[in-house]
Every structure is written in C-alpha cells, then in structure tokens.
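Undergrad: Residues per chain are reported as follows:
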Amino acid sequence: MSGAANPPGSAAPAGAAAAPAPVPEGDDRHGHQASIGLGALMLAAAAATLVDAAGLEGGSALIGAGAFPTVVALLLIAAGAALIVRSLAKLRGAPAVGPALRARLVRLAALIAALVVFAGVLPYAGFTLSSALLFTAAALLLGAPHPWRTAAYGWTLAGLLFLLFDVLIGLSLPGGPWGF
Amino acid sequence: MAEIASLIDGFGAALSPVNLLWALLGVTIGTAVGVLPGIGPALTVALLLPLTFRLDPAASLIMFAGIYYGGMYGGSTTSILLNTPGESASIVSALEGNRMARAGRGAAALAAAAIGSFVAGTLGTVGLTFLAPVVAGIAVDFGPPEYVALMALAFVTVSALLGRSLLKGGASLLIGVTIGLVGIDEQSGDARLSFGLPALLDGIDVVVVVVALFALGETFTRLMRGTGGETVEPVRDRAVLSRSDWRRSWPAWLRGAALGFPIGSLPAGGAEVPTFLSYSAEKRLSKHRSEFGRGAIEGVAGPEAANNAAAAGVLVPLLTIGLPTSATAAVILTAFQSYGLQPGPQLFSESGPLLWTLIASLYIGNVMLLVLNLPLVRMWARLLTIPAYAIYAAVLVFATLGTFASGGTATDLLVLYALGLLALLMRTAGVPVAPAVVGLILGPLLEQELRRALALSQGDPAILVSSPLTITLWVLMLLALALPAVARLVRRDVGAAPAREEGEEAFTRS
Numbered sequence: 009m010s011g012a013a014n015p016p017g018s019a020a021p022a023g024a025a026a027a028p029a030p031v032p033e034g035d036d037r038h039g040h041q042a043s044i045g046l047g048a049l050m051l052a053a054a055a056a057t058l059v060d061a062a063g064l065e066g067g068s069a070l071i072g073a074g075a076f077p078t079v080v081a082l083l084l085i086a087a088g089a090a091l092i093v094r095s096l097a098k099l100r101g102a103p104a105v106g107p108a109l110r111a112r113l114v115r116l117a118a119l120i121a122a123l124v125v126f127a128g129v130l131p132y133a134g135f136t137l138s139s140a141l142l143f144t145a146a147a148l149l150l151g152a153p154h155p156w157r158t159a160a161y162g163w164t165l166a167g168l169l170f171l172l173f174d175v176l177i178g179l180s181l182p183g184g185p186w187g188f
Numbered sequence: 022m023a024e025i026a027s028l029i030d031g032f033g034a035a036l037s038p039v040n041l042l043w044a045l046l047g048v049t050i051g052t053a054v055g056v057l058p059g060i061g062p063a064l065t066v067a068l069l070l071p072l073t074f075r076l077d078p079a080a081s082l083i084m085f086a087g088i089y090y091g092g093m094y095g096g097s098t099t100s101i102l103l104n105t106p107g108e109s110a111s112i113v114s115a116l117e118g119n120r121m122a123r124a125g126r127g128a129a130a131l132a133a134a135a136i137g138s139f140v141a142g143t144l145g146t147v148g149l150t151f152l153a154p155v156v157a158g159i160a161v162d163f164g165p166p167e168y169v170a171l172m173a174l175a176f177v178t179v180s181a182l183l184g185r186s187l188l189k190g191g192a193s194l195l196i197g198v199t200i201g202l203v204g205i206d207e208q209s210g211d212a213r214l215s216f217g218l219p220a221l222l223d224g225i226d227v228v229v230v231v232v233a234l235f236a237l238g239e240t241f242t243r244l245m246r247g248t249g250g251e252t253v254e255p256v257r258d259r260a261v262l263s264r265s266d267w268r269r270s271w272p273a274w275l276r277g278a279a280l281g282f283p284i285g286s287l288p289a290g291g292a293e294v295p296t297f298l299s300y301s302a303e304k305r306l307s308k309h310r311s312e313f314g315r316g317a318i319e320g321v322a323g324p325e326a327a328n329n330a331a332a333a334g335v336l337v338p339l340l341t342i343g344l345p346t347s348a349t350a351a352v353i354l355t356a357f358q359s360y361g362l363q364p365g366p367q368l369f370s371e372s373g374p375l376l377w378t379l380i381a382s383l384y385i386g387n388v389m390l391l392v393l394n395l396p397l398v399r400m401w402a403r404l405l406t407i408p409a410y411a412i413y414a415a416v417l418v419f420a421t422l423g424t425f426a427s428g429g430t431a432t433d434l435l436v437l438y439a440l441g442l443l444a445l446l447m448r449t450a451g452v453p454v455a456p457a458v459v460g461l462i463l464g465p466l467l468e469q470e471l472r473r474a475l476a477l478s479q480g481d482p483a484i485l486v487s488s489p490l491t492i493t494l495w496v497l498m499l500l501a502l503a504l505p506a507v508a509r510l511v512r513r514d515v516g517a518a519p520a521r522e523e524g525e526e527a528f529t530r531s
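Protein chains in written order, with my numbering: chain A, 9 to 188; chain B, 22 to 531.
Extracted from the complex, chain B is given alone in its bound form (with noise of 0.2 Å):
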C-alpha cells in the first residue's frame, strides 16, 4: 500500500516539533476566530491567510490545516451557545444544540460536537487518504471536454444547493463569474473589464472578494440591522458525556460519517445537504423521538459528524481535479496556489511530500482540536462575550490589513469596499453569497477548457459530448436542476429553521 507509505513519510514531517507547534498555533488562532460570532470557516481561512504567507511552504500548509479545522470547530461551538450558525451547515446543529444548551446541557452538547468532529473529521481523513489518489488515478485521463461537464454539474449544483432557490444561487454564481471576468485573458492578452486601471490588470484577488463578501457583508448587515437578541447560553458542566450520552451519540457519529464524506466528495455543491439528511434519519431512527425540537443529542451528534467528514470529503474533488464546490474549498485553493501548488491529477505525482505531509497535519489537528478543545471549551464560550461591535470593528481592522498584506495598494481597498457594498445589497435581497466566491474560482477555469474543447476540435461543439462520461455528466446537471425541489423536501424534515437562515456568513459550509 503506497498511501500507507507516503502517509508515514507525511507524519515523519509533519511530527517535527516545530510543526507541530505552526500545528498547535493553527487550531488556536482558527478555533479563536472560528467562534467569533458571523465567521464562518470560509472566512475564518481568508482572513488568516496573510499569517502564513511567510512560512515556508509545508509550515504553512500545516498551519493551514489546523486554522481550517480550527475554524470548522469554532464554528459550531458559536451555533450551539448562540444560535447564529456561521455557516449554512451549522444551522442543524443549532436546533437541537441551542436547545440543549438552554436546557443546562450545553457542555454535553459541545462534547458531542467535538468527539463527533474528531470521529468524523479522522474517518473522514481516511477515505481521503485512500479515495484521492484513486480518483486522481482516473482524473488524469479527464480531457478538456470532461472537465467542462463537470464544472457545468458544479454550477448547476452549487446554484440550486447553497441557496434557497435556484433564481438566487444562479444570480450569484453569475455576479462571481462575472468578477472573475476582469483582467487579463490569459489565451488572447485582452484586459477586460478592467476600464483602464492599472490595479485591475491583474484581476481581483480572490482574497479580497472573500473577505469582502462576507467580513464587510456582515458587519455592514449588522450595522443596517442591529444585532439585538443574541444570548450566549452559560456552559455549566466539565465537557464530558454520561454512559447514556455516549450510548445514544456514537451511532449518530458513524452514520454522519458515512452520510457526509461520500456526499462531501462528489464533485458537486452542497455539504449542507448531509448534514440535514443525518438530522432526519437520526430522528427517524431515534428511540427518544419526542426529545427532538427540544435538545437531542443525536440531533448534535449525527450532524455534527456529517459536517466534518463533509469538509474531508470536499478536499477530494479540490486535491485531484482542482475543482472547489463550496466557498473555503474556494479559499484553500487560492492559498494553495500562493504556496505554489496547483490542485489538480498532477499534484500527487508533482508534490506528493508535501501533499502526503498535509493529509498528516489534518490527522494531527484533529487530535489536537479534541486535547484542546474538551478542556477549553468555557474559555471559547467566554470570547462568545466580547461585544459585537469589538469584535466587528477588528474583523474590519483586520479585513484591511489582509487585503492590503495580499495586494498592496489603495485602489484594493476600495475594491473591498465595493465589493463589501454589493454583498450588503446580496444579503438584504437574500441571495447567499457563497456561490459567487465558488463562481468567481470557477468561471475562469470553466472558460479555459471550454476554449481549450473547441480549439482541439477546431470550433465543433459536437466535442463536448463526445465521451460517455461527459453525457452522463450532463444528465446529472439537466437532474440536478430539479434540486431545490428535493432539498426542500429534505429540509421540510428538519422543521423551522433558525429566523436568520440565510443571511449569514452563509452558505460556507465546510
């Protein structure tokens, strides 16, 4: 078994005691962030991104891992005392998490959280370990026409998944292609959209958009709309789960995890929808049916293990065909080709240490996210209290000094700005934004091997159909049309969801 080999050589480098510092260090400062109210992961990754920019290569990457990881945590820590999910895949873990924590259970809650990460996150970690290189076997012979179809499904699904209907996900998906428009064509050497500005030549950073899009989206929307009737339920209890807990949570762990990596890992949008079909079928399957709306904890359990075996899975189409389906697989393929990297078949050929030596470090922060995290929870729970316009005026701070660390001048700033305004006018319409950062990534790439298709069959559109393969993967777009439809079905399960379902830091899951 290569992988076992490479994955032992991985953990050779990763177990240095300086990376495991960079390690420790990222989980510390991801987790931090990632529990302050409104970031999401995707955020959480963008705004941190600036502290690894001077590491060497692995360091970073590790560091990387644990802010990722970190971040995802935090995350649900802040659903479950606050009830404002980050992001749209926390939203279930809220409804029964909240709950619990109102009724006095929330260290349970929390400790069922954070095992059912570290369960899901290390299975999870596992079927990427053997899964990735396996489909990168079969990527390699994906031609251009292949990678349009699968692009195409991708857009249709992150339209119709990460959005309430297809209009809205659609609108924004194309308000990212659109900005992934500006600057210099690469094939021709055309600048477009950029109206004779030097500092658009270039293109708009991914980062910048991010952070615009949902750091200056957010605090704009709470300065729109006030920030009243947030309450941090108190976290009384040591972390620890009676017998009866543990009985009750660890099926709901595994069931999340199978729920979540294999979704997670099709080439398609949308780690929310694991995380609602585990809410169902573990309320399905319950024994203690009547305790569901009124604090659960398989209701925490199960969708909080399908969330992070979601967001290993989402790693598999972005390592081997370089293809990101939610917003921080956007980001995380943005900071790995600041590191030089570049996601795609080729990356276990070409970087395979370092690559093998990231997988590592996802095992190492799991651990250590769980060491951390059961002893520490009250000292996450008390950030909860900083008051919001602390800790908005810093994201702002701070949301400045990672595009002015990623670009370099004024004229990115008020390209933030912009952006920050457009994505206040998103929200307040209740369009998500997170497929915009996921069309932004993937316009370009779109439009790449389209053009690439059409040259190598000298302009016969004929070619993009041309292949088993790419048919059934149009099918599967033309079905994944009727999506909305079925998520809502699903959805229906899981009952009313939290009044601020849509504008938050949003539609980020993993």
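Next comes chain A alone, as it looks inside the complex (with noise of 0.2 Å):
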C-alpha cells in the first residue's frame, strides 16, 4: 500500500477537444458522411482498377493478369454501392455531432502539411533535424501545452532514436550536411 500510484486522470492530455460522443462509431452524422465518401472512393478505385485491367495484355483471358483484378472491381463497385445506399438512408435521422469540425479539418491539413515537409527535407536535413521538428509540431497540433518544452522532448526523442538505429543497429538514416 504505498503511495506511488499514478494520480487518476493525469493522462487526460490538455487540449482536448469534446469527449467520444456516446453513438457508436460510424452512426452517427459524419459516420454516414464518411461512409458515402468512402464508398465513393471504392467506385473510383473500381474504375480505375478496371480501365488498369483492360489495358493489360490479354487482359480478358481467364488466368491473364487482368481477371482477378477485374473480379475485385466488381466486388468493389458491390460494396461502394451498398455503402452509399445504406448510408444516404440514414443519414437523416442521424444524430449529429459536435460542431467543431471545421477547426479540426484546419489542424489535420496543418499536420499533413508537417508530414509532407517532413519527407521533403529529410534527405537534405537529416534525421535528427526533421524529426525533432515534426514530434514538435505534431504534439503541438495534439494539444502539447509548452512549445519548448515540447520541443526539448522531440530534440531528445530524435537523438536517441538517432543512436539506437543509425550507430547501435546499423540502419543507415539520412544524416544531412551535418551528418545526423
């Protein structure tokens, strides 16, 4: 019985948004909305697979390169469809969700941003560089509460990281003009 336990919710992190709202995933407004959408991009997939498929050659043939493809696009355009069908029948009376979204859309993109410089610059600044920056810039975008703080964990992060699988492992990683 001694008195090293963890504080009860000391793990709620600061920054969060609305609580898990109590529908189960995907029923309530933006589940239905999410589900159309990704129906919709199964049709697109279908296509694009079967247009992939019938440019192959003798992609008719029964055991050509092209016919397990086109059977999975069947399939595909079976299921997008069903999706959308269901989804758009009950969109309506759906339950809506907190109204936050559009924020939360701004900080995703914000992220991605993050990530897509993160591939860009990582050949030429090296690991330990990019990294540090996106743990930085991810966290902050999680709802970490100190930028420097924050930003000392991700130089720490990426160091280790740096040591454990370029110098201990021998997993080369980009090192920059610096060289790490």
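Everything labelled a hint here was simulated from the structure, so no lab data went into it.
Treat the hints with caution; some may be incorrect.
[Said to hold, decoys possible] Here chain B is said to cover these stretches of chain A; the calculated rule only asks that three of the stretch's residues, wherever they fall, bring their Cβ under 8 Å from a Cβ of chain B:
#1 82-93
#2 127-138
#3 149-156
[As the list claims (entries may be wrong)] In silico SDA-like pairs for lysine to any residue, Cα to Cα no more than 25 Å straight-line:
#4 A:Lys98 - B:Leu446
#5 A:Lys98 - B:Leu502
#6 A:Lys98 - B:Leu510
#7 A:Lys98 - B:Met245
[Claimed, not checked] Partial selection, computed: residues in chain B whose CB lies under 10 Å from chain A:
#8 Thr73
#9 Gly191
#10 Ala212
#11 Leu214
#12 Ser215
#13 Pro219
#14 Thr240
#15 Ala426
#16 Leu443
#17 Gly464
#18 Glu468
Treat the numbers as computed from the prediction; the structure is a model and nothing was measured.
Ideal placement from N, C-alpha and C gives every residue a C-beta, glycine not left out.
Build the complex from these two chains, which are given one at a time in their own frames, with help from the hints.
TA: What follows is the structure in structure tokens.
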C-alpha cells in the first residue's frame, strides 16, 4: 500500500477536445458522411482498376493478369454502392455531433502539411533535425501545452532514436550536411 | 517423439546468453510499446520490426517472439487500467478488469491477466508444438484448389468476425486486396495500378500499410476527435492474488485456454470470438454471478487466457499453411519473409532448426514476461501517464522512421500519409481496418493459387470443387456468411461494450 500510485486523470491531455460521442462509431452523421465518401472512393478505385485491367495484355483471358483485378473491381463496386445506399438512407435520422469540424480539419491539414514537409526535407536536413521538428509540430497540434519543453522532448527523442537505429543497429538514416 | 527432440535443440539455441538477452530486450520493448494506449500487437510488431532487420535470423526471430508476446501483454495492461482496449480481443478483459481497477483491485486484475497469459500462452505453445507438425503433414498434400477454398473461407470469416457487419468487414478486406494488386504481377510481368510510378512497381510494403492504417489512422483520429475522458486507474497493491482469487482464477484460465487455442488455430478469422465465449462461459459458471459487471476476477482471467491461447493458436495456420488470419499474423508473415523464411508446409522440413528456436523462444518469452511483469506492473502503469500528445507525436516519428527504413524514399512516405488518411475515413465510417491488412496479404496469395488451379485444369473452374475437402471448405464458407448473426448473439451476453468498440487500433487481436 504505498503512495506511489498514478494520480487519476493525469493521462488526460491538455487541449483535448470534446469527449467521444456515445453513439457507436460510424452511426453518427459524420460516420454516414464518411461511409458515403468511402463508398465513392471505392467506386473510383474500382473504375481505375477496371481501366487498368483492360489495358493489360491479354487482359480478358481467364487466367491473365487482368482477370483477378476485374473480379475485385466488381466486388468493390458492389460493396461501395451498398455502403453509399445504406448510409444515404440513414443520414437524415442520424444524430449530429459537435460542430467544431472545421477547426479540426484545419488542424488535420496542418499536420499533413508538416508530414509532407518532413518527407521533403528529410534527405537534406538529416533525420535528427527533421524528426525533432516533426515531433514538435505534431505534439503542438495534438495539444501539447509548453512549446519549448515539447521541442526539448522532440530533440531528445530524435537523438536517442538516431543513436539506437543508426549507431547501434546500423540502419543508415539520412544524415544531412552535418551527419546526424 | 521427434518434436520433443527438436524442441530441446531449439531450447539449446534459444538459451544461449546472447539470445536470452535478445529475448529480454524483445519482451521489454514489446511491453513498453504495447502498453501505450491505442497501440495493439499488430502495430507494436510492425513499428518494432526495423529493430530486428540487422540481426541474424535466429536472433531476429527470438527478439521478434518477445516483441509479439510483450505487445500482447502490454495491451491487456492498458485495457485494464485505462479502459481503452488496444485491440478487439481485449475489449472483454477491459469490461471486468477496468471495473476491478476502479474498485482499487487493479493489481489483482493485472496479476490475474499476467498469470493467465502465462498459463494459457504456455498451454497454447504446447498445443502449437504438437499440432503444427501434424497440420503441416496434412497440408503438404494440399493442391491449389484446396488453397483457394481455404482462402475463400478465411476471407469470409475475417470479414464477418473482425467487424460489426459483413458489409463493413468485407469493404475493408476488398480495400486491402485492391492495395495488394499494386505492382508487378509476378506471373505475367505486367505492372498493375502503378500509374507509371517506379516506386509503386514493387507493390506497397505491408509494413507501410500496417503502420499507416493503425498508427497514422489512430493519430489522425485522435487529432480529429480529441482525446478527452481517459482516466488511468492507480495501481495500489503489489500484484499478488489472494487465496480466493487463485481459487476463482485457475479454472477460468484453463477454460479460457481450452476455448482459445482450438478456435485460434482454425483457418478462420476472429480470436475475438473465444474471448467473448470465455466471458459468457465464466458468467454462467460463476458462483459470484452478481459480481459480473462490477469487477469479477473470473471475467478477467478467462478472456485474457483465451486471448493468449488464441494468439498461439493463430500461429498454427500461419506457420503450417502460410495463412494469416489476423492483422498481427499478417505482419508476422511479412517479418518471416524478411528473414528469408516462407511459412507453409515445407517450413518445418526446410527451416526446422530456426522454427524450433522460435517456438522455444515463445516458451522463454512467456516465462520472462511473467517474471518481468508481476514486479514491474507499476512501472508499466506509469507509462500510461505519458500525455497522449507526446505518445502520438512519437508514434508519428517512429512510423515515418519505420517506413523510411523499409522503403527508403520520400514516395514511400507520401504513400504512408495517403493510406493514413484512408484509415481516418474508414474509422470515421466505422469500418474496421484489420481485415484490410489480412486482405492485402491473402489477396495476392489467392490470385496465385487460383491461377495455378485454373492452369492445371486448363481453365475449367470445376477443379475448384474437385475433392471432398474443397467441397467441405466451400460449404463452410457459405455457412460462415451467417457468422455476424452468431457473433452478435455471443456478444449480447457481454452487454454494453465500451463506447469506442469499433475504432481502436482495432480488430487486431493476436
């Protein structure tokens, strides 16, 4: 019975947004919108697959390279259409969820931008610097309260990872002009 | 008993001091990563795979076995203390476990889970030791038509059992199969769905897909949804069981293992099922039925044992037939291939010594986890207090590192991000992501066997139903279409599942 317990609630991060809705995932309004989007994406993928399969040599032969993709595409169309139809039917009656969608989409876009920048600069700026910056940006977007402390964590993590993977294990990570 | 002699040789190799060190390192890191909320065994294994790239095959397998079992164990700690099951198979342990933790009995719940994992993991590994060579012996005679039927069966069961509905599970599986089409078709040399991009000619690496669907998907979902409302329950006692806890736990462990291993070793998806079955069995048999829903120790011990025995069971079809039936198994298959091992009936004859070293390491890993976890339970619990923003920012760094290590170009990273966004869309729509991983692996295998079968028969599809075994498997497949209804019945016993039932890191059991 020592007192070294973790205080309850200490894991709840600062900057957390609304608590999860009590409806099962996928059954609120956004869930149905996402289902429709996913269904549309599946239809698009099916179209691309069909076009691609038709362009293959001997594409329509029973056991050619195009046969299996064609079957997959037809199943994609069936499943995608079913998702769309089902969610369209339920969309109207579905409970709405919190309004803050736009702000969150902006945050998501910012995170994606940070990731793309990371992919672009990694070969030139080296693993440690790029990763430290990625950590800092991502943590701040996820609601980290102290920018400078977060940056310090990022540098520590990136440095340790570089030591572990590059120096100890021997995976060669991009070093950048200064070698780390 | 040839198995015992081979196993002793395996222990001989695995027990060298260096290899013990790798095993210890594996279970420690596996547990540490598996404990982090939202990170289940599949992702743990995928994220840590680069760690093992540069070791010799025996050492990588040993460390890998440690990571696998460590990740499993870490996941149960999280579901008990935080009530966010990292995978569908620990949903049930979270039910009673988290109630126990809230009632101040967290330490006992963790001990019941840890010892139960050990007992069932060991029993499951014993089952694997004796069953796997037998199944491999049978599978040697399988021809392409049998493989096609087996995979069709696995497709349906994975779709039906790893999701809330057959449609959503099937949609996920198809998305995975489509991703698996990308790249050069090995039989004809045609490039498919590559859109002229050289980086896509080799196909999309399984590790990249797993990391994208689980790690990026989880991070993006957290960013969009916020992470409020999670409370870590403190661990006050040392992790010991009282006499009455023991008396109530051990039959549950044995029953859980007895349900978990056989169901897990079927060539069908869903080690989630034995955990649900175990929970309802314990609830029916218990003398303390009124405690269920308020923290009954049998309700932790049974499902946790079922989960771990099933995890060993899943290795049977994986090692002997090359058929992964869970996302984790799919990642393990990839890992084996990167070590130069091809799971299948020939594995035992071709790479016997390595394989027995792996099986011996599973036994050793289990013992190490028990020794490590009972005293260290509070340290693992402390990891849960790391704020979510730090965990997910670190996961992103790790995910990009893993992708870069396995692919090595900026295009791989862009593919990773795109698939991460796809995972966000799927999660928001309530579509589970685990079937996609299984589809990604099984799709190309199915196509290969299908084309082999049709080449054998010169295009006559009747070859697919040419033997009693294939007909049986196809009938089972048709029956499996009714599985979601059955699964719902089983689940009804469990009552209201935690609110985030579908989205987690999800549907990854074992």
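Undergrad: Confirm or reject each hint.
TA: Hints and how they fare:
1. Here the region 82-93 of chain A counts 6 residues with a CB under 8 Å from a CB of chain B, which clears the bar of 3, and the coverage holds.
2. With 5 residues bearing a CB less than 8 Å from a CB of chain B, the region 127-138 of chain A meets the requirement of three and the coverage assertion stands.
3. Interface restraint, the region 149-156 of chain A with chain B: holds (4 residues with C-beta to C-beta distance below 8 Å; minimum three).
4. Between the alpha carbons of Lys98 of chain A and Leu446 of chain B the distance comes to roughly 18 Å, so the proposed pair stays at or under 25 Å and holds.
5. With a C-alpha separation of about 24 Å, the suggested pairing of Lys98 of chain A with Leu502 of chain B holds against the 25 Å cut-off.
6. A distance of roughly 24 Å separates the Cα atoms of Lys98 of chain A and Leu510 of chain B; the hinted pair therefore holds under the 25 Å criterion.
7. Simply put, Lys98 of chain A and Met245 of chain B have alpha-carbon atoms about 23 Å apart, close enough for the 25 Å limit, and the pair holds.
8. Because the smallest distance between the Cβ of Thr73 of chain B and any Cβ of chain A comes to about 9 Å, under 10 Å, the interface hint for this residue holds.
9. For Gly191 of chain B, the shortest C-beta to C-beta distance to chain A is roughly 6 Å, which falls under 10 Å, so the interface hint holds.
10. Using the Cβ-Cβ criterion of 10 Å, the hint placing Ala212 of chain B at the interface with chain A is satisfied: the shortest such distance is roughly 9 Å.
11. Against a cut-off of 10 Å between C-beta atoms, the interface hint on Leu214 of chain B holds, since the closest Cβ of chain A lies about 5 Å away.
12. At a threshold of 10 Å, the smallest CB-CB gap from Ser215 of chain B to chain A is about 9 Å, leaving the interface hint in force.
13. Using the Cβ-Cβ criterion of 10 Å, the hint placing Pro219 of chain B at the interface with chain A is not satisfied: the shortest such distance is roughly 17 Å.
14. A least Cβ separation of about 8 Å between Thr240 of chain B and chain A falls short of the 10 Å threshold, and the interface hint therefore holds.
15. Because the smallest distance between the Cβ of Ala426 of chain B and any Cβ of chain A comes to about 5 Å, under 10 Å, the interface hint for this residue holds.
16. Evaluation of the Leu443 of chain B hint against chain A yields a held restraint, the C-beta minimum of about 8 Å falling below 10 Å.
17. Below 10 Å, beta-carbon pairs count as interface contacts, and Gly464 of chain B has one with chain A at about 7 Å; its hint therefore holds.
18. About 4 Å separates the beta-carbon of Glu468 of chain B from the nearest beta-carbon of chain A, less than 10 Å, and the hint is met.
Going down the numbered hints, you'll see the structure goes against just number 13.
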